[in-house]
Amino acid sequence: MQTLVQYLISSGIFGRHAPYELVAAITVIVMSAAVFLGVAFPFAGMVSWVERRVWARIQSRVGPNRVGPNGFLQWLADGVKHVCKEDIVPDEADPTLFKLAPYLVVLAFVLPWAVMPFSSSLILADLNVGILYMTAVTALTVVGVLMAGWSSNDKWSLIGGIRSAAQIVSYEIPAGLSIFPVVLMTGTLSMQGIIRAQGWAPQHWFLFANPFTMIAAIILFISALAEGNRTPFDLPEAESELVAGFATEYSGMRYLFFFMAEWGNLFIIGAIITTLFLGGWQFPHVTRNVVVMNVLQLITFNVKVLFLVFVSMWIRGTLPRVRIDQLMSLCWKYFVPISFLDMVGTAIWVAIWPNGNEWSGYVMFAAGIVVGVIFVQRVIYYLRRSRMELYFRPTI
Amino acid sequence: MLQAIVFYALSVLTIGSACIVAFSRNIVYSTFALLGAFMGVVGIYVLLAADFVAMVQLLVYVGGILVLTIFAVMLTQGIGDVAISNRAVGLVPAVVTAVIATGVMIYAVLHTHWHVAATAPIAPTTYGIGNALLGRFMLPFEVASLVLLSALVGAVVISRHEARE
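Chains as they are written, first to last, in my numbering: chain A, 570 to 965; chain B, 53 to 217.
By construction, these hints were calculated from the structure, which means they are not laboratory data. All values derive from a computational prediction rather than experimental measurement. Treat each hint with caution, since some may be false.
Stated by the list, open to error - Simulated pairs of lysine to any residue, SDA-like, Cα-Cα distance not exceeding 25 angstroms: (1) A:Lys-902 <-> B:Ala-150; (2) A:Lys-724 <-> B:Phe-123; (3) A:Lys-668 <-> B:Tyr-113; (4) A:Lys-668 <-> B:Val-105; (5) A:Lys-902 <-> B:Leu-204; (6) A:Lys-902 <-> B:Gly-206; (7) A:Lys-668 <-> B:Leu-86; (8) A:Lys-902 <-> A:Ile-728; (9) A:Lys-668 <-> B:Val-80; (10) A:Lys-668 <-> B:Gly-206; (11) A:Lys-668 <-> B:Met-126; (12) A:Lys-902 <-> A:Gly-925; (13) A:Lys-668 <-> B:Phe-75; (14) A:Lys-902 <-> B:Val-208; (15) A:Lys-668 <-> B:Ser-82; (16) A:Lys-724 <-> B:Val-80; (17) A:Lys-668 <-> B:Ala-61; (18) A:Lys-668 <-> B:Tyr-81; (19) A:Lys-668 <-> B:Val-205; (20) A:Lys-902 <-> B:Val-205; (21) A:Lys-902 <-> B:Ala-207; (22) A:Lys-668 <-> B:Ile-67; (23) A:Lys-668 <-> B:Leu-62; (24) A:Lys-902 <-> B:Leu-198; (25) A:Lys-668 <-> B:Ile-72; (26) A:Lys-724 <-> B:Leu-127; (27) A:Lys-668 <-> B:Thr-66; (28) A:Lys-668 <-> B:Gly-68; (29) A:Lys-668 <-> B:Ile-79; (30) A:Lys-668 <-> B:Ala-70; (31) A:Lys-668 <-> B:Phe-123; (32) A:Lys-724 <-> B:Leu-201; (33) A:Lys-902 <-> B:Leu-62; (34) A:Lys-650 <-> A:Asn-639; (35) A:Lys-902 <-> B:Ser-197.
Working from the sequences, and respecting the hints, build out all of it.
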């Protein structure tokens, strides 16, 4: 970012005596707007289409395929439809808070993109407290959800809001504790620093570094799904019990804001896991060309993140919703104690092997491959028994 | 110049939200206005190049304390009708207390010898904080965690006791 600002000033676009602070501020605003409007919001839209298609396949349906090639432009049509809808504020609702709530939720969705490490150079701000920033700003969602739930003046909304608050506050603890092993091993909180500490090969990823980090990765993924209100933890908006939870009274654009944030948060969940455990943008040094390297890294990062997004859709299509008491006991009776033990275990591991243990990486990776092969075999077995014509013709 | 503008904007946000917290007739508005006050303080920490403290402020106060406060307020029945201000003590003692407190604070601000750094030290603070907490200030750090543990156990004891009856 600094080099870009220096380049802009020296190139003389803003005149020779342009104040550094002002140019820096303008650069930051323009770059952020480009990332939000060019990456974050279209991604959230497209995910809604991908998710509906993936779901449909899991349930042996076809899914939206009319607008554009394979229904690809469905998200644009939906967006335009929601913008054109009437903006209804219920008479009994609290108008100020009712209108403010969607903005808070969207704020919590756009802020994490500032530290999103797309490649070794493509990052808006490589904060040295990056991962802490990421977990801290995503916690703002819950304030927006509570605000929506209370201001709607509706029992479904209120119950949805309170469920969401209880869920997010609880799952923040195992999620935070699961980040700890990685921080302990790298000694840094910066997103780029954590990625640089890993290698491009899977045995150098933190997922396979030792048994404790693998457990931490699994706990973090499940907790992140719970924090993002994803099935099987979508109690705050459970259709069969609460109409649409905290979003019941919302319509039009404000309703869309909530769901855009939810779909966009999938990318953020994927990015956190990818950065911490899957080696981020690491790619072998195949060329000295910086631009080509960055493009390759960008592709690597996005492939990993989109794979995790797909996994979360898969989970959503497969598992039934849990009950609220099951949700709470899973968090407090299992995840919190396990992640505390995990933390202690990692500390002991780091004390014994301060520079990491090369062999445990290979052993863990081999074990991961065995589990993966068994899993793929099961999936293929069930695919054979289902309606194959849908699965093997993805462009119906 | 830009820093001064940002500083005053953040101050207005913090103090304005704090005023809503204090003067609002509706306790739910007060609770939500806390968000503005906390965010303003986060901004001021960032401006002071205290990155780690800013993030912990956000994580603990917004993610934890504010949410639990809102939670408590929402679960209280008829929260909109409660008379918020405590009128038992009266106006005169309140004014006297406020004037004395303001006087002490202004005196402290004017008579403290403030250390002004020559240039803004924009450097990571995490290492320093970590070394201080696990080195020189190890004992206070551990004692603080003991206090939290006893509070935790106390909460469990109280809620278990009520459940039995």
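Tested hints:
Distance check on the hinted pair: A:Lys-902 and B:Ala-150 sit about 47 angstroms apart at the alpha-carbon level, beyond 25 angstroms; violated. Note on A:Lys-724 and B:Phe-123: the hinted pairing holds, with a Cα-Cα distance of about 15 angstroms set against a maximum of 25 angstroms. Distance check on the hinted pair: A:Lys-668 and B:Tyr-113 sit about 24 angstroms apart at the alpha-carbon level, within 25 angstroms; holds. Restraint check for A:Lys-668 and B:Val-105: the C-alpha separation of about 31 angstroms exceeds 25 angstroms, so the hint is violated.
Distance restraint check for A:Lys-902 and B:Leu-204: the Cα-Cα separation of roughly 16 angstroms lies within the 25 angstroms cut-off, and the hinted pair is therefore satisfied. For the hint linking A:Lys-902 to B:Gly-206, the alpha-carbon distance of about 19 angstroms falls within 25 angstroms, and the restraint holds. Annotation: proposed proximity of A:Lys-668 to B:Leu-86 holds, straight-line Cα distance about 18 angstroms (limit 25 angstroms). The straight-line distance between the Cα atoms of A:Lys-902 and A:Ile-728 is roughly 24 angstroms, inside the 25 angstroms bound, and the hint therefore holds.
Of the pairs offered as hints, the one joining A:Lys-668 and B:Val-80 holds, with about 15 angstroms between alpha carbons and a cut-off of 25 angstroms not exceeded. With a C-alpha separation of about 40 angstroms, the suggested pair A:Lys-668 and B:Gly-206 falls outside the 25 angstroms cut-off, and the hint is violated. Annotation: proposed proximity of A:Lys-668 to B:Met-126 holds, straight-line Cα distance about 18 angstroms (limit 25 angstroms). Restraint check: the Cα-Cα separation between A:Lys-902 and A:Gly-925 comes to about 31 angstroms, which exceeds 25 angstroms; the hinted pair is violated.
A threshold of 25 angstroms between alpha carbons decides the hint, and for A:Lys-668 with B:Phe-75 the separation of about 22 angstroms falls inside it, so the pair holds. Among the hinted pairs, A:Lys-902 with B:Val-208 is consistent with the structure: their alpha-carbon atoms are about 15 angstroms apart, no more than 25 angstroms. A distance of roughly 17 angstroms separates the Cα atoms of A:Lys-668 and B:Ser-82; the hinted pair therefore holds under the 25 angstroms criterion. Between A:Lys-724 and B:Val-80 the alpha-carbon distance is near 17 angstroms, which keeps this suggested pair within the 25 angstroms criterion.
Distance check on the hinted pair: A:Lys-668 and B:Ala-61 sit about 23 angstroms apart at the alpha-carbon level, within 25 angstroms; holds. Restraint check for A:Lys-668 and B:Tyr-81: the C-alpha separation of about 14 angstroms stays at or below 25 angstroms, so the hint holds. Among the hinted pairs, A:Lys-668 with B:Val-205 is inconsistent with the structure: their alpha-carbon atoms are about 41 angstroms apart, more than 25 angstroms. Simply put, A:Lys-902 and B:Val-205 have alpha-carbon atoms about 16 angstroms apart, close enough for the 25 angstroms limit, and the pair holds.
A distance of roughly 17 angstroms separates the Cα atoms of A:Lys-902 and B:Ala-207; the hinted pair therefore holds under the 25 angstroms criterion. Taken as a hint, the A:Lys-668 and B:Ile-67 pair is honoured in the structure, with Cα atoms around 23 angstroms apart against an allowance of 25 angstroms. A hinted pair counts as satisfied when its Cα atoms are at most 25 angstroms apart, and A:Lys-668 with B:Leu-62 qualifies at roughly 23 angstroms. At roughly 22 angstroms between alpha-carbon atoms, A:Lys-902 and B:Leu-198 fall within 25 angstroms of each other, so this suggested pair holds.
Pair hint A:Lys-668 plus B:Ile-72 holds up; C-alpha atoms about 18 angstroms apart against a cutoff of 25 angstroms. Between A:Lys-724 and B:Leu-127, the direct Cα distance comes to roughly 12 angstroms. Compliance with the 25 angstroms bound is thereby established for this hinted pair. For a cut-off of 25 angstroms, the pair hint linking A:Lys-668 to B:Thr-66 stands: about 21 angstroms separates their Cα positions. Only pairs whose Cα atoms come within 25 angstroms are accepted, and A:Lys-668 paired with B:Gly-68 is accepted, the gap being roughly 20 angstroms.
Restraint check: the Cα-Cα separation between A:Lys-668 and B:Ile-79 comes to about 18 angstroms, which is no more than 25 angstroms; the hinted pair holds. Of the pairs offered as hints, the one joining A:Lys-668 and B:Ala-70 holds, with about 21 angstroms between alpha carbons and a cut-off of 25 angstroms not exceeded. For a cut-off of 25 angstroms, the pair hint linking A:Lys-668 to B:Phe-123 stands: about 20 angstroms separates their Cα positions. This hinted pair does not check out: A:Lys-724 and B:Leu-201 have alpha carbons roughly 36 angstroms apart, beyond 25 angstroms.
Taking the CA atoms of A:Lys-902 and B:Leu-62, the gap is near 41 angstroms; set against the 25 angstroms cutoff, the hint is violated. Our distance criterion of 25 angstroms between C-alpha atoms is met by A:Lys-650 and A:Asn-639, whose separation comes to about 19 angstroms. About 21 angstroms separates the Cα atoms of A:Lys-902 and B:Ser-197, which keeps this hinted pair within 25 angstroms; it holds.
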